[in-house]
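Student: As a plain string of letters, each chain reads:
2 protein chains.
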Amino acid sequence: MNNSESPQEMVPPVEGVAGGGTAYGWDDGSLQDQSLLRGTIDPSRVPSSELVHVWCMPSTANVGPQETPRSLEPVSLLAARNERENIQIAIRPKVSWSGSSNAGVVQIQCTDLCSTSGDRLVVGQSVKLRRVVPILGVPDALVPIDMPVSQINLLPGETTAIWVSIDVPSTQPTGQYDGEFVVTATKTDAECAAQFHDKSEKYQVYRELRNCLDVIEQIDGKPNEEVVERAKSATTTLRRVLLSPSFSDFFSENGPLDMMDEDANLSIRLKLSLTVWDFVLPTTPSLPAVIGISDTVIEDRFGVEHGSAEWYDALELHFKWLLQYKISPYFCKWGNSMRVLTYTSPWPADHPKSDEFFSDPRLAAYAVPYSPVVPCGDLAKDYLQKEVEILRSKSHWKKAYFYLWDEPLNMQQYDAIRHQASDIHAYAPDARVLTTYYSGPSDAPLAPNNFEAFLKVPGFLRPHTQIYCTSEWVIGNREDLVKDIIAEIKPENNEEWWTYVCMGPSDPHPNWHLGMRGTQHRAVMWRVWKEGGTGFLYWGANCYEKATVASAEIKFRRGLPPGDGVLFYPGEVFTSSREPVASLRLERLLSGLQDIEYLKLYSSRYGRDEGLAILEKTGMYLGPERYTMDHNPIDMMRGERF
Amino acid sequence: MNNSESPQEMVPPVEGVAGGGTAYGWDDGSLQDQSLLRGTIDPSRVPSSELVHVWCMPSTANVGPQETPRSLEPVSLLAARNERENIQIAIRPKVSWSGSSNAGVVQIQCTDLCSTSGDRLVVGQSVKLRRVVPILGVPDALVPIDMPVSQINLLPGETTAIWVSIDVPSTQPTGQYDGEFVVTATKTDAECAAQFHDKSEKYQVYRELRNCLDVIEQIDGKPNEEVVERAKSATTTLRRVLLSPSFSDFFSENGPLDMMDEDANLSIRLKLSLTVWDFVLPTTPSLPAVIGISDTVIEDRFGVEHGSAEWYDALELHFKWLLQYKISPYFCKWGNSMRVLTYTSPWPADHPKSDEFFSDPRLAAYAVPYSPVVPCGDLAKDYLQKEVEILRSKSHWKKAYFYLWDEPLNMQQYDAIRHQASDIHAYAPDARVLTTYYSGPSDAPLAPNNFEAFLKVPGFLRPHTQIYCTSEWVIGNREDLVKDIIAEIKPENNEEWWTYVCMGPSDPHPNWHLGMRGTQHRAVMWRVWKEGGTGFLYWGANCYEKATVASAEIKFRRGLPPGDGVLFYPGEVFTSSREPVASLRLERLLSGLQDIEYLKLYSSRYGRDEGLAILEKTGMYLGPERYTMDHNPIDMMRGERF
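In order, the protein sequences belong to chains A and B. Sequential numbering of the first sequence, starting at 1, is according to our numbering. Sequential numbering of the second sequence, starting at 1, is according to our numbering.
Since the hints were derived computationally from the structure, they do not count as laboratory data. Treat the hints with care, as some may be off.
Since the list can't tell identical chains apart, any single copy or any two copies may satisfy a pair.
[Claimed, not checked] Derived pair list, reagent style DSSO-like, types lysine-lysine, alpha-carbon separation capped at 30 Å:
id : residue 1 : residue 2
1  : 222       : 232
2  : 187       : 128
3  : 483       : 600
4  : 555       : 187
Let the hints inform the model, and build the full structure from the sequences given.
Tutor: Written as structure tokens, this is what we have:
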């Protein structure tokens, strides 16, 4: 301490308040009469609202264990047909009532959402519940829970969030649908004595019943006295079993208890209301978002051999599961120097499964492999020619693209692309080759500075690339550079400009890294729409670190920001199901793609300038460093569509 | 992006590695042959080491859910008799094997620690296990678990820590004690099918058995055919029940399964070794550490009325539980302007309980109330005189002190202390009055600057205070100021210098706030010993925010750093027990007090300068901003005692 210290620095280290010292009782206002809660708390006799906080949070909130309670308000959502809308319901114990290391167990239940005309959004089908589970301490994994009723353990001092998704079918009648989300504090199963105390107790019951059976099993031809004797013995045994503590929960002083005596009036009831608009989101997304799935990761983690029947099954499971997110998956195997083998169907073009995959109306684009995915008799070149000839004859050919190299960096790599593209265009002049890049060749500069060289890549690669797919990282916060990039693209030659994100850009720019804000995740797609790209690529959705057991702990790869290249998790880590577990970030990707459909509809009516104007007017997205952190502007934008 | 950007800024956003992109497989070295783990994982057939990481961490580590695994090494601890030594055992799942939202369940078991001569440190008595539970996301609460065997749920991607405490009795023979900590991955109870799937399934079984009983119950006098018929019917029912899925776990193709076939060889065994030294820590701590317990908080939270039988019980429970931490509790009620009523025994001085409390050899100091704690017939003044007369006649009187006011700030408050102290000294000239302060009176400056004024407080208060208890915050990182403070104290008049911490000092200085490092918590006591204070005060150990339910969520008070004034939690929040739940920080307080005994022993042999020298030599504590963040120097210091 400096002797010349000013008096202000000598502030009291503790401020006093009467009644217990230092601001004791400031929270008093929220204390109600808790006289019901003296002693052991029986949740079947106390309103659940005395035991838990329940409140809603928007889907763009990251609701972690430390989230503090808010007031409970009814939920009103708006959705188009063929849209998924999400809301989170947060639950936090006010007290502990279980007597175990849990604070307690709550039963959560969701009803169907019904319209006055009797139409329904059925729970388990259109309405789904998932628990938000932290990854590296950040809320991310959405683990399915039982529907319509499930039990959740709550921990003292921790908030748990339930992610509620409502998928509105394309044919759903418009109107308002109402339902309820019900939270009821309960005893644990053990406390209900619905279960045996332990295995040996159950074994004891089993043995007694077996003995009983042995006694009365073979009575045919036995003398009457023996039959009676045996029946009496069995009676005694049965009576003993039934009166044992194992079944004591079915007795009370007034005889057997009613199984269904739980007082539903004690529950916390949250009204869920969804208005379905007279507008159907297109089945095929307007903006193709192509997302890589590492086949190597699938092969290693699930122990399926490349080309085996199990391998085809595993890939198909991934493909079909991802389609619900309105993205267009491509499988991917990395070669040397970032050469990539990409393919949307693991089967050859003439296989019925390929037709099924490519024709799916939800698929907006598919990758065609340059060489055989699974070794076959043909030479690679013959293979390519045959594949292309088959695919060109199909109506889905317009979705096809070739993705040959990830981020070429030098002349040799650029030349490899030119060479492969020449082969492709020899068989199909209208084939689309996609190239991702963020710079020109480092060993033959196209211009005196990097950005100028980057701009010249289309001129340099033409006609060997049709989809110029550039890193958003290059643009940084200089949205004005977009017009320079677009000026180099020739739409009249069917050229397109797409973008991608990966390690970069980093915070505060939109990306899908773990730990970013919810609106930051969703803004990836807002950015694409505002900048005017006509497609989007993401390098990996399952690129966790290597493991050889399906349920192995998920580790992110060294050198990558957490969550980069990972948009879902193997189901086996969290459940007994093989169904993948989505991340919050994948849901926000879908929400962003849906937002694009809203913006596109609005622009189709009033023009793109008006579409851009509502981004500004609502404050939803103004630029890569200026977008909303709050959810309201999103609903405002969506409400603007009429 | 700036066009003049240098090439270095244009670094590749993704680095490529063959085989799956971006550093895939870097962790490969740790992958063993996991062929055992294909498909559904049966923990009873796989070494647990394939399923979980187990490793040790020192007691000064804050082991949170994100703690990464280390290699498993045997534990060797050193402890004196009458000392508590702690170690943490961390467990993290490598894979999920439960098929539920848990990764899996592990059974943990600790054996007694035994010496070759047959002496024991018995688990459950000398060896205790507690689970480390985060508070506000920071590992802090130590929740007791069952001993010697317990089951722990592990979550995917999260580390769980078990706090192992070994209390060495004063009479324990010296020598080496060996034991084991055993971790076994197991099926959950539900998977063992020890339990019914749900209550309705069990009810079904119950009803079938009841019907069966009804059928065979009353057969006396019935015709033979009917008896046989009834027995057959019962047989059918019983057979159906026994073959139902409820009991399927007792069958296999080879007949009923052996209940006890778990292979103990699959467990992970961690050797625990403790060497008990030929040195007994004093029963009465050398340094009195007096710690406040808010009676108001106890009254509100546990619903006990001041002065009722339950109130005395609650206070006694707290007093006795805290004594194990070698601290000297005082109960405390705040009045206006930080006037405090402090008392170590809620009973009058002539009550046998007061004698029991004050005579406890573990108690180093006790607070005597200035006025009646529970209203009695006497006038306050008569009360004081009577109390003092009784206590002065006791041998424990040397432990007594009066603590009248918390941090007087102006002349009126200083005068109040003088007035009360005069009363006390009138009846007992040798009574010790303790005053906490960090400044002189603000309305009558004792010197031109704050620190000079602070230094003059002893001269100003003399003879009305004997224990000058100053905030460590005043000293800051200027350890050299300590000599100025001590120069004002007159030990020849039985004056003492004590210190305290509360809101301040803050990081990086030693204190007990949540989120500080483990060595920072433990260093509070190292600092006291180095600075030469002869006692220590802490304002509150249970000063959470107001609540009126014992198991209510713990909230820290507004305006205080998290954890300030809170060293333990109500047991009801985490367990069905009333026994308080200690914080890590309380354990580190105890460890720090034990460290003082080591330093004192060393200094008693070689002199205080040598004692100070080992602080420096080991790097354990050099000053409030220079102390070890690593555990090793602590064990080095403790090893120096010979």
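Student: Now tell me if each hint is right for this structure.
Tutor: Hint check results:
1. 222 to 232: both (15 Å within a copy, 13 Å between copies)
2. 187 to 128: Answer is both; intra-copy 25 Å and inter-copy 29 Å each pass.
3. 483 to 600: Within one copy only: 20 Å inside a chain, 76 Å across chains, cut-off 30 Å.
4. 555 to 187: Between copies only: 24 Å across chains, 36 Å inside a chain, cut-off 30 Å.
When held up to the earlier numbered hints, the structure conflicts with none and fits them all.
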